[in-house]
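Dock chain B against chain A, hints included.
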Amino acid sequence: MWWNNVETKPGTGFPTRWEDQDQYKGGWELVDGELKLKSTSKRKTITNIFHNTDMPTLDDYYEPWTYKYKELFDAPAGDDQPTAKPVSMVTGEYMNIEAGPNWDDDLSGSPLYAENDINLDVLSEEQRDQLFAIERLMMFYFPRICNHCVNPSCVASCPSGALYKRGEDGIVLLDQERCRAWRSCITACPYKKTYYNWNTGKSEKCILCFPRVETGQAPACFHSCVGRIRYLGVLLYDAEKIEETAKRPDHELVDAQREMILDPFDENVIREATKNGIADSTIKAAQESPVYKFVKDWGIALPPHVEYRTLPMLFYVPPMLPVMSAQEGESVRNINDEYFPDFDKARAPIKYLASMFGGGNESHLRYVLKKQSAIRAYRRAVTVGDIDLLEAEKALLESDCNPTEADNIYKLTSLCTFDDRFVIPAAHREEAIEMMKDPLEHKQTAGFGFRDAPARGM
Amino acid sequence: MNSVIMKKLIPILVLGLMWTSGVISQDVQQFYKQNCASCHTIGGGRLTGPDLKNIHERKDEQWIKDFIEDPLAVINSGDLYARQIVEESRGVIMPKVGGLTPFIIQSLVDFIKEESAKEKSVFGGSTLADSPLTPSDIVKGRALFVGEMPFENNGPTCIACHSIAGEGKLGGGLLGPDLTDVYGRLGGKTALAAWLSSPASETMGPIYAKHPIDESEVLPLVAFFKDKASMNVAEAGMHDFNFLIFGFVGLAIVLILFDLFWGNRLRSVRRKMIKGNL
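Those protein sequence lines, which keep their order, are chains A and B. Take 1 as the starting number for the first sequence in my numbering and just add one per residue. Take 1 as the starting number for the second sequence in my numbering and just add one per residue.
Keep in mind the hints are simulated off the structure, nothing from the lab. Every residue gets a Cβ at the ideal spot worked out from N, C-alpha and C, and that includes glycine. Among the hints, a few may not be true.
As the list claims (entries may be wrong) - Going by beta-carbon spacing under 8 Å, a handful of chain A positions derived as facing chain B: (1) 16; (2) 51; (3) 112.
Said to hold, decoys possible - Here are the computed lysine-lysine pairs in the DSSO-like style, where the Cα-Cα straight-line distance is at most 27 Å: (4) A/44 x B/272; (5) A/293 x A/394; (6) A/351 x A/293; (7) B/275 x A/25; (8) B/275 x A/85; (9) B/59 x B/118; (10) A/25 x B/272; (11) B/272 x A/351; (12) B/140 x B/189; (13) A/370 x A/293.
If we strip away everything but chain A, and leave its shape as in the complex, we get (with noise of 0.2 Å):
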C-alpha cells in the first residue's frame, strides 16, 4: 500500500500496467453523451455481489517480503556463503521473489517492463525500437500520490458514501467508519490509489496531510521532496462546469480544465466567491498560488491521463529530453545546435508524452517543452553569454514567452523558497464545523462531553 510513490517512466508502474483500464476498468468513459464509470453499474454491483471483479491481484501489487536473516548466523560451517533466503510476509513461506513495487526503476528488473508501459502503444514499432536502442535510451521519473480529483471516480463507485471530497480544501478522503470494505473504490480509481488494508477492513487512500495542510504545513512528502519539486497552492474552479468539462473529447480535455480554473484576480470571480462563504484569506492564498502559475498563467504543468476524465488535480512539468548526441571515436559530439530541438527527433517522444499528459493531445507538449528549451536558451544567454541575447529573446516570443515571465518561471523552478512552493491559507475548520455541529452547543456547560459515550463490556 503506497500512498505515495515514484515510478519509473518508461514502465508498468505499481500496481503493474496501472493505466491499463481495459484490464482495470478505472475511471469514467462516455457512453451516448452520458459519463458512466468504466467500473461500477447498479447491474454490475448486483450480478457481482459475492465477488467484487478487476481489482489487481496481490500478483500485480506484489508479494512482500522479508529475508531470514538468521540463517545468516545459524548456518553451520561450510564451503560457501551462507544466504538469507526470502520469506514472504504473507504466508510465511520461502519464496520466488518475482516482483516489487518498485521493480522497474531506473528501467531494471527486466525489458519487459518498460517494453510493456501501455503509453507505448501510440508509437511505431520504429519509434519503439529506437526507443530502447542503447544510445538513445531515456527514462523520467513519475511520482504518484492520490489525485484529489475534481471528478472522482472512487467517490461515485462507493456504495457505503464513505468516501468524500472535502468542501474546504478539496481532499478526497475515505471515511474508516463508513467503509464497508465493498472496494468498489480500488476498481473505481484509475490512478489505483485507493487500497484495501486486510488487517482492518477497511480502504484507505492518500490523506493529502491534512492534519498538516489544515494548520497551513505542507504535507509531509511535498515538505520533504529534496528536489524541491512539489508545489501546493489553491485553485478557485466553477464546480457548475464539471461534468460538462468532463464530457469534453480527449483531446480538448486539457483546456477543458483550464477553462474551469478561474482567474483568482477577476473581479467577478471573487464577488461570487466571497458570496459563497470563501473566506479572503483564501482568495488572497489562490492569487499568490504557484499552481495556479503553472497551470493557467504559465501552461507548462500538465494533469495525469486526463482522458480518464476524472480532472485531476495534480499536474506535471512534462520531463524535456532534448539532447542528442552521438559519439564521434574518442569524443562526444553534441548533435543539435539549434534553439529549438527537432522534438519529434527527441528522445521522449512527444507521442509518448502526450499519451501520458495531454490526453493524446500533442500540441500541448509541444507548448510546454519549447517554452521550457527557449528559457534555457535565455538563461544561458543571460548567465553564460555564449548565446546572443537578442536572438534568445525572440525564441522566447516564438513560445509565447517573454524575459519578465521566463525570469518568473526560473525564480519558481530553480530559486524558490519554501513559502514560495506552498501558500496554504488558514483552513478556517470552524467554517466548516458549524455546518454540522453548533459551535456554542457546549457553552456555559461543564467540558465537552464524551466523543464515544462510556458504556458497559467491550
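Below, chain B without anything else, positioned relative to chain A:
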C-alpha cells in the same frame, strides 16, 4: 456471604422440586402416552415391544428401572432376559427416552403397576387396528406420505424426512430411515398403528407431540406402508444414489454457469504480461 446465597437458594430449590413432582403426578399418563404407548400396551398384547402388564411380577423393580434408564447398557451387559426381548422384537432396540429423572422412572414403574391391576387399562391396546384396510386407504396413505394431502393437525409430511421405495423423483428426505420395510420391521399392523398414534423417537416425538397424526389418518398410512412392504429395499437405496448423482450434476452445471458468467474476470495483469498474453 455464603449464608446469604444459601438463603436465596433454598426456596428456589424447594420450588423446583415441587414443580417437577406436580407435573409428574398429573402427567405421568401423558408421559406414557407420548413416550411408551407407541410400542407398549398394558394388557393389550405385544406391539413392537412386549406387553407391560404385570411386568413387576416378571422382573424385580431395580432391573426395570435400569432398563428404562438405559436399555442398551442392560442389553450389552449380557443380561439374558434383555437379549430375549430384543430377539422377540426382531432386533428393534428400545431407544433411550429423553428427559428421564429417577423420579420420573419411579413414577412410570408405579403407574404401570397401577394400570396392571385394572381390568381394562387406558393403554389396553388400540381398537383402531381392528378395521380392515381398503385399496382407497392405500391411495389416501400415499397422498399423506408425499404431502399431496396435508395432515389434519398440520404435522410435517413424512417425505420431508423419510424415503420409501418408488415415491418421489429424487427419493424422500434422508434425515429419517427408509420406510419401505417398516411394516415388517415394527411388527405389523397393530404395532405400526400404535407407533403412528404417538411417535416416540427422539426426533419425531417433540414434533408430533404438538401436531399428532389424527386417528383417521393412521390407518391409511398403515395401509400404504403394508402395500410398500412388498417392494424391494434395494430399490429404495437407488433413490439415494440418484440423489447423489443429481447433486454432482447440479454442482457441475452451476460451476459451468459461474465460469460462463465470470470466466473473463481479472485474474492477474502482471502474470499475463510476463507470459506475453496481454
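Each hint tested on the structure:
A least Cβ separation of about 4 Å between residue 16 of chain A and chain B falls short of the 8 Å threshold, and the interface hint therefore holds. Among the interface hints, the one on residue 51 of chain A holds; its C-beta lies about 7 Å from the nearest C-beta in chain B, closer than the 8 Å criterion. Taken as an interface hint, residue 112 of chain A checks out: its beta carbon lies about 7 Å from the nearest beta carbon of chain B, inside 8 Å. For the suggested pair residue 44 of chain A and residue 272 of chain B, the alpha carbons sit about 24 Å apart, so the restraint of at most 27 Å is met.
For the given pair, residue 293 of chain A sits about 22 Å from residue 394 of chain A by alpha-carbon distance, which is consistent with the 27 Å threshold. About 25 Å separates the Cα atoms of residue 351 of chain A and residue 293 of chain A, which keeps this hinted pair within 27 Å; it holds. For the suggested pair residue 275 of chain B and residue 25 of chain A, the alpha carbons sit about 21 Å apart, so the restraint of at most 27 Å is met. Annotation: proposed proximity of residue 275 of chain B to residue 85 of chain A holds, straight-line Cα distance about 26 Å (limit 27 Å).
A threshold of 27 Å between alpha carbons decides the hint, and for residue 59 of chain B with residue 118 of chain B the separation of about 19 Å falls inside it, so the pair holds. Proximity of residue 25 of chain A to residue 272 of chain B is assessed by CA-CA distance (about 16 Å); at most 27 Å being required, the pair is judged to hold. With a C-alpha separation of about 26 Å, the suggested pairing of residue 272 of chain B with residue 351 of chain A holds against the 27 Å cut-off. Taken as a hint, the residue 140 of chain B and residue 189 of chain B pair is honoured in the structure, with Cα atoms around 17 Å apart against an allowance of 27 Å.
Proposed proximity of residue 370 of chain A and residue 293 of chain A is supported: the alpha carbons are some 17 Å apart, at most 27 Å.
Of the numbered hints stated above, none is contradicted by the structure.
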